[in-house]
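Throw the hints in and build the complete structure from the sequences for me.
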Amino acid sequence: MAVSFGIQSWIEGGVIAAVIVLNIVVGFFQEYAAEKTMESLHNLSSPTGTVTRGGETFSIPSTDIVPGDMIELKTGDTIPADVRLVEAVNFETDEALLTGESLPVQKECNSTFKEDTGPGDRLNIAYSSSTVTRGRARGVAVNTGMATEIGSIAAALRATNSKRRPVKRGPGGETKKRWYVQAWTLTGTDAVGRFLGVNVGTPLQRKLSKLAILLFGIAVLFAIIVMAANLFSSDNEVILYAVGTGLSMIPACLVVVLTITMAVGTKRMVERNVIVRKLDSLEALGAVTNICSDKTGTLTQGKMVVKKAWIPSRGTYSVGNSNEPFNPTTGNVTFTPVPPLELVDEKEGPTVENVEGLVDGNRPLEDFLDVASMANLSHVFKSEEGEWHARGEPTEIAIEVFASRFNWNRDRWTKGSKAVWHQKAEFPFDSTVKKMSVIFSRTKPDGEEQDMIFTKGAVERIIDSCTTVIWDQESSTAVPLTDKMREKILQNMEELAKLGLRVLALAHRPYKEESSFLEGSNINRDEIEKGLCFLGLIGLYDPPRPETAGSIAACYRAGITVHMVTGDHPGTAKAIAQQVGILPAEMSAVGADVADAMVMTAAQFDQLSDDEIDNLPTLPMVIARCAPQTKVRMIGALHRRGRFAAMTGDGVNDSPSLKHADVGIAMGQAGSDVAKDASDIILTDDNFASILNAIEEGRRIFDNFASILNAIEEGRRIFDNIQKFVLHLLAENIAQACTLLIGLAFKDQDSKSVFPLAPVEILWIIMITSGMPDMGLGMEIAAPDIMDRPPQAKQGIFTWEVIVDILVYGFWTAALCLAAFSLRMWGFGDGNLGSGCNREYSDQCELVFRARATTFVCLTWFALFLAWEMVNLRLSFFRMQPDSEKYFTQWMYDVWRNKFLFWSIMAGWITTFPILYIPVLNTVVFKHTGISWEWGIVFVEAILFFAGVEVWKWVKRAYFRREKKKVQDQSARPMGDPSSYTEDA
Numbered sequence: 001m002a003v004s005f006g007i008q009s010w011i012e013g014g015v016i017a018a019v020i021v022l023n024i025v026v027g028f029f030q031e032y033a034a035e036k037t038m039e040s041l042h043n044l045s046s047p048t049g050t051v052t053r054g055g056e057t058f059s060i061p062s063t064d065i066v067p068g069d070m071i072e073l074k075t076g077d078t079i080p081a082d083v084r085l086v087e088a089v090n091f092e093t094d095e096a097l098l099t100g101e102s103l104p105v106q107k108e109c110n111s112t113f114k115e116d117t118g119p120g121d122r123l124n125i126a127y128s129s130s131t132v133t134r135g136r137a138r139g140v141a142v143n144t145g146m147a148t149e150i151g152s153i154a155a156a157l158r159a160t161n162s163k164r165r166p167v168k169r170g171p172g173g174e175t176k177k178r179w180y181v182q183a184w185t186l187t188g189t190d191a192v193g194r195f196l197g198v199n200v201g202t203p204l205q206r207k208l209s210k211l212a213i214l215l216f217g218i219a220v221l222f223a224i225i226v227m228a229a230n231l232f233s234s235d236n237e238v239i240l241y242a243v244g245t246g247l248s249m250i251p252a253c254l255v256v257v258l259t260i261t262m263a264v265g266t267k268r269m270v271e272r273n274v275i276v277r278k279l280d281s282l283e284a285l286g287a288v289t290n291i292c293s294d295k296t297g298t299l300t301q302g303k304m305v306v307k308k309a310w311i312p313s314r315g316t317y318s319v320g321n322s323n324e325p326f327n328p329t330t331g332n333v334t335f336t337p338v339p340p341l342e343l344v345d346e347k348e349g350p351t352v353e354n355v356e357g358l359v360d361g362n363r364p365l366e367d368f369l370d371v372a373s374m375a376n377l378s379h380v381f382k383s384e385e386g387e388w389h390a391r392g393e394p395t396e397i398a399i400e401v402f403a404s405r406f407n408w409n410r411d412r413w414t415k416g417s418k419a420v421w422h423q424k425a426e427f428p429f430d431s432t433v434k435k436m437s438v439i440f441s442r443t444k445p446d447g448e449e450q451d452m453i454f455t456k457g458a459v460e461r462i463i464d465s466c467t468t469v470i471w472d473q474e475s476s477t478a479v480p481l482t483d484k485m486r487e488k489i490l491q492n493m494e495e496l497a498k499l500g501l502r503v504l505a506l507a508h509r510p511y512k513e514e515s516s517f518l519e520g521s522n523i524n525r526d527e528i529e530k531g532l533c534f535l536g537l538i539g540l541y542d543p544p545r546p547e548t549a550g551s552i553a554a555c556y557r558a559g560i561t562v563h564m565v566t567g568d569h570p571g572t573a574k575a576i577a578q579q580v581g582i583l584p585a586e587m588s589a590v591g592a593d594v595a596d597a598m599v600m601t602a603a604q605f606d607q608l609s610d611d612e613i614d615n616l617p618t619l620p621m622v623i624a625r626c627a628p629q630t631k632v633r634m635i636g637a638l639h640r641r642g643r644f645a646a647m648t649g650d651g652v653n654d655s656p657s658l659k660h661a662d663v664g665i666a667m668g669q670a671g672s673d674v675a676k677d678a679s680d681i682i683l684t685d686d687n688f689a690s691i692l693n694a695i696e697e698g699r700r701i702f703d704n705f706a707s708i709l710n711a712i713e714e715g716r717r718i719f720d721n722i723q724k725f726v727l728h729l730l731a732e733n734i735a736q737a738c739t740l741l742i743g744l745a746f747k748d749q750d751s752k753s754v755f756p757l758a759p760v761e762i763l764w765i766i767m768i769t770s771g772m773p774d775m776g777l778g779m780e781i782a783a784p785d786i787m788d789r790p791p792q793a794k795q796g797i798f799t800w801e802v803i804v805d806i807l808v809y810g811f812w813t814a815a816l817c818l819a820a821f822s823l824r825m826w827g828f829g830d831g832n833l834g835s836g837c838n839r840e841y842s843d844q845c846e847l848v849f850r851a852r853a854t855t856f857v858c859l860t861w862f863a864l865f866l867a868w869e870m871v872n873l874r875l876s877f878f879r880m881q882p883d884s885e886k887y888f889t890q891w892m893y894d895v896w897r898n899k900f901l902f903w904s905i906m907a908g909w910i911t912t913f914p915i916l917y918i919p920v921l922n923t924v925v926f927k928h929t930g931i932s933w934e935w936g937i938v939f940v941e942a943i944l945f946f947a948g949v950e951v952w953k954w955v956k957r958a959y960f961r962r963e964k965k966k967v968q969d970q971s972a973r974p975m976g977d978p979s980s981y982t983e984d985a
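According to the UniProt record's numbering, the sequence shown is numbered sequentially starting from 1.
It should be emphasised that the hints constitute simulated quantities derived from the structure, not laboratory data. Be a bit skeptical, because a hint or two may be false.
List time: in silico EDC-like cross-link candidates among lysine to aspartate or glutamate, alpha-carbon distance up to 16 Å [what the hints assert, rightly or not]: (1) Lys382 - Asp411; (2) Lys74 - Glu87; (3) Lys512 - Glu527; (4) Lys434 - Glu324; (5) Lys747 - Asp235; (6) Lys956 - Glu801; (7) Lys303 - Asp235; (8) Lys747 - Glu612; (9) Lys488 - Asp526; (10) Lys484 - Glu460; (11) Lys210 - Asp190; (12) Lys74 - Glu393; (13) Lys434 - Asp464; (14) Lys512 - Glu474; (15) Lys382 - Glu324; (16) Lys424 - Glu87; (17) Lys953 - Glu801; (18) Lys498 - Glu586.
Computed Cβ-Cβ distance ranges for the label pairs, DEER-style [as the list claims (entries may be wrong)]: (19) Gly193 - Ser588: 55 to 65 Å; (20) Gly170 - Pro119: 33 to 43 Å; (21) Glu950 - Leu499: 35 to 45 Å; (22) Phe216 - Asn832: 47 to 57 Å; (23) Arg442 - Thr467: 49 to 59 Å; (24) Arg461 - Gly170: 33 to 43 Å; (25) Ser475 - Thr443: 49 to 59 Å.
Nothing here was measured: the structure is a model prediction, and the numbers come from that model. We put the CB at the ideal spot given by N, CA and C, even for glycine.
Below, the structure written as structure tokens:
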């Protein structure tokens, strides 16, 4: 702009100034819209709180909590407000960010303190933004937002985020002049980098900003070449030609289109139940090769129902299917007096009509139901409208529903004036001990008070704590638990696990130790949970999500291997893995060595050294009884094999693996706030299919398990689309630059180069044929084969395919444009380039102006048509839907599908005509004139352009088909066959 104004070329300078202003305005509003979008997404992924309002409990964003709300808190939660506790069970919080206290603080709900007591000593208050490290609690929100303790600190803060580099200082605080110079130099470099965008934003944004600077450098080089070719003449025409050549390499719309594409992509991912916390993860999603997914709630529905219950001294109780998991009155109950080992469907007993009657005189069943009902934090109740509702964890809800089938609901025994059981203490579930226990007391008919310990948990942990069992069907007397009995219990557990059931054990014992159970009294949990009496097993079924099997099959077709990492029993995990297609239905099909490596427990996996893991024929597809360190080691093993790993998680113990994974995926509904904070993206529906959506979006810009699959699919879509519009933009730049550089050979009567394209024409082509169509490409839907491709390589958007495409399309377009100019000048004209034809119109410049107009129309059309060709980088424009039956007309539907792209191209095509034929505008501004029979050249060259692009795509398709066949030939089985799920395949 400055050069144009300096040589008094007012039209060119004014047009360039208008383009700059347009870019600034559009860029500002698009950046502003993108920031607002990201802010709203950040609010979606902000901490949530579980509140009770109107008798119902639900999760809401922390910003929607108001004073007076009853808040429920559990391990892993970020406390959403200052909460006055009314109930606390082994409740501790980390208040380091508020008080600086490094250790968790034990809270006391019944204590009161003076008003001048400092925040760190108010043990009855849980403070906003601190995290729950242990236990659970309930309380009333007393302060929210800026009224909280952490809010008051935030209000007192000033803007202290300095953008200046600190000055280096010696041990005694001394400094040197050169250290000041160094600090100010680095500060200045940072400021310039921020201005240019090379050290802010995501890696992709920084990479494209560096590309823009590189192209600017090339533009300056090209301008120097133009000056050199004209012997560095100070003639205005030469300078203007140099400016035009430089402009041809400037990707004016690159940053704006990238910002819009990112913003649209993140909003689309929200529609597909995926929240992007870090834009970097969009770029990583397209490269995901392995997904390590939890089972419960992700691959399965997370709606547990009890299917089997075994009491050794009685037999097996079975529950039929029900469409209402919270309703204890639906689903048939059958009873068979044999253990699960001897149970087959044909031998299941008849349906029990009077379920409550089974309890009468059945002491072992009563004891079993007491534990099921009391060692339980959930509530199952019937509303006034007659509908059944539940509140609590899915596992505990299912067990409470089972107890309610026998009219053994917890509320019946613990609430009201006639309450029988009264709770005295609770030891919540802990992932290290895998048990939970409660102590209840009741007054027996003889007036004596009896205390009982009720415990449930993992079968192995429970039987290790048991010393007795009621085993004999003819007696209700407890006998010592022998090793043979333990073996029998484990065999029955395995039998239930083979059915895909999650198996828990129940136990109890009288509590005879004297204790006041006062708040804060030191009761040793290890002493409580020992010497128990084993009561039986309960098997819960969490059915797979209907879409999970299809999503996993789609993962394998996309070259993505799925691993199940779960805390469940190996038998349960294996059964579910076979149902959804992670494991082959017949394990014998893969060979003994591979089968052994496919299913492992965490103990087996952790016993292996890194070298032994690397030498496995395949990494485990299922790891059961998984611990946090096991997940981290699994990610390390994947990285050593050159894999790109996504890890799902919802608990505090999952946060290390979410941090280590290339893409950490947290669950939005069941996930803890600690897990969300450690993650890159959040699934709002906890569904595996959403991950595939995100990867498609990532590949789309750059080229629910369905939700995980959604995320991957969406990530690939975003990646794909960035590749498309960058390829289109750079191919167009190369075409213009080559046309102008080769055009240096066209010398007029004054030995000055005559440009085939005028500067304003170049600017028009850049803005009209690049800006809006590239935005349309950024919004393009996923290609039909996007999930049939292997994961994106780590080299980013500039793959060898894209680089070669840029050169091929750029050179082909330039060749056709130069051919159009030459054909009009020398093929159908006398080749007279006149004098001063770069500056103004004259009669002797008529031929040059018509040739320039022909070249301008050709390049405009080619750039617009290339945008349509870029919808799919490999498939023919006329056959982008290979499975369509519309063999000759499908392209008409395809061009109309993306209406933004369609009207962008139509606008560019239509505006060509007024620019050509409006007087003064054509000759004075654009330096060309109207054409007539030259349209024949344009149409012929348009056909040649399509032919060249289609031939190149056909060559590429043939090459990649051959490469794909080579890969498939290396595997004995086709992709998608579960028996071929090895790393090599």
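Here is what the structure says about each hint:
Taken as a hint, the Lys382 and Asp411 pair is honoured in the structure, with Cα atoms around 11 Å apart against an allowance of 16 Å. Between the alpha carbons of Lys74 and Glu87 the distance comes to roughly 12 Å, so the proposed pair stays at or under 16 Å and holds. Simply put, Lys512 and Glu527 have alpha-carbon atoms about 12 Å apart, close enough for the 16 Å limit, and the pair holds. Of the pairs offered as hints, the one joining Lys434 and Glu324 is violated, with about 29 Å between alpha carbons and a cut-off of 16 Å exceeded.
For the hint pairing Lys747 with Asp235, the CA-to-CA distance comes to about 14 Å; that is within 16 Å, so the pair holds. This hinted pair checks out: Lys956 and Glu801 have alpha carbons roughly 9 Å apart, not beyond 16 Å. For the hint linking Lys303 to Asp235, the alpha-carbon distance of about 80 Å lies beyond 16 Å, and the restraint is violated. For the suggested pair Lys747 and Glu612, the alpha carbons sit about 72 Å apart, so the restraint of at most 16 Å is broken.
Only pairs whose Cα atoms come within 16 Å are accepted, and Lys488 paired with Asp526 is rejected, the gap being roughly 26 Å. For the given pair, Lys484 sits about 14 Å from Glu460 by alpha-carbon distance, which is consistent with the 16 Å threshold. Distance check on the hinted pair: Lys210 and Asp190 sit about 14 Å apart at the alpha-carbon level, within 16 Å; holds. About 11 Å separates the Cα atoms of Lys74 and Glu393, which keeps this hinted pair within 16 Å; it holds.
Proximity of Lys434 to Asp464 is assessed by CA-CA distance (about 12 Å); at most 16 Å being required, the pair is judged to hold. Proximity of Lys512 to Glu474 is assessed by CA-CA distance (about 28 Å); at most 16 Å being required, the pair is judged violated. This hinted pair checks out: Lys382 and Glu324 have alpha carbons roughly 13 Å apart, not beyond 16 Å. Annotation: proposed proximity of Lys424 to Glu87 holds, straight-line Cα distance about 13 Å (limit 16 Å).
Proposed proximity of Lys953 and Glu801 is supported: the alpha carbons are some 11 Å apart, at most 16 Å. Only pairs whose Cα atoms come within 16 Å are accepted, and Lys498 paired with Glu586 is accepted, the gap being roughly 14 Å. A hinted range of 55 to 65 Å holds for the C-beta pair Gly193 and Ser588, which are about 59 Å apart. Against the hinted window of 33 to 43 Å, the Cβ-Cβ separation of Gly170 and Pro119 comes to about 38 Å, which satisfies the hint.
Restraint check, Glu950 to Leu499: a C-beta distance of roughly 56 Å breaks the suggested window 35 to 45 Å. Checked against the hint of 47 to 57 Å, the pair Phe216 and Asn832 fails, with Cβ atoms roughly 36 Å apart. The hint said 49 to 59 Å for the Cβ distance between Arg442 and Thr467, and at roughly 23 Å that hint is violated. Between Arg461 and Gly170 the beta carbons are some 57 Å apart, a value that contradicts the proposed interval 33 to 43 Å.
Look at Ser475 against Thr443: about 27 Å separates their beta carbons, and that is not inside 49 to 59 Å.
When each numbered hint is compared with the structure, violations occur for hints 4, 7, 8, 9, 14, 21, 22, 23, 24, 25.
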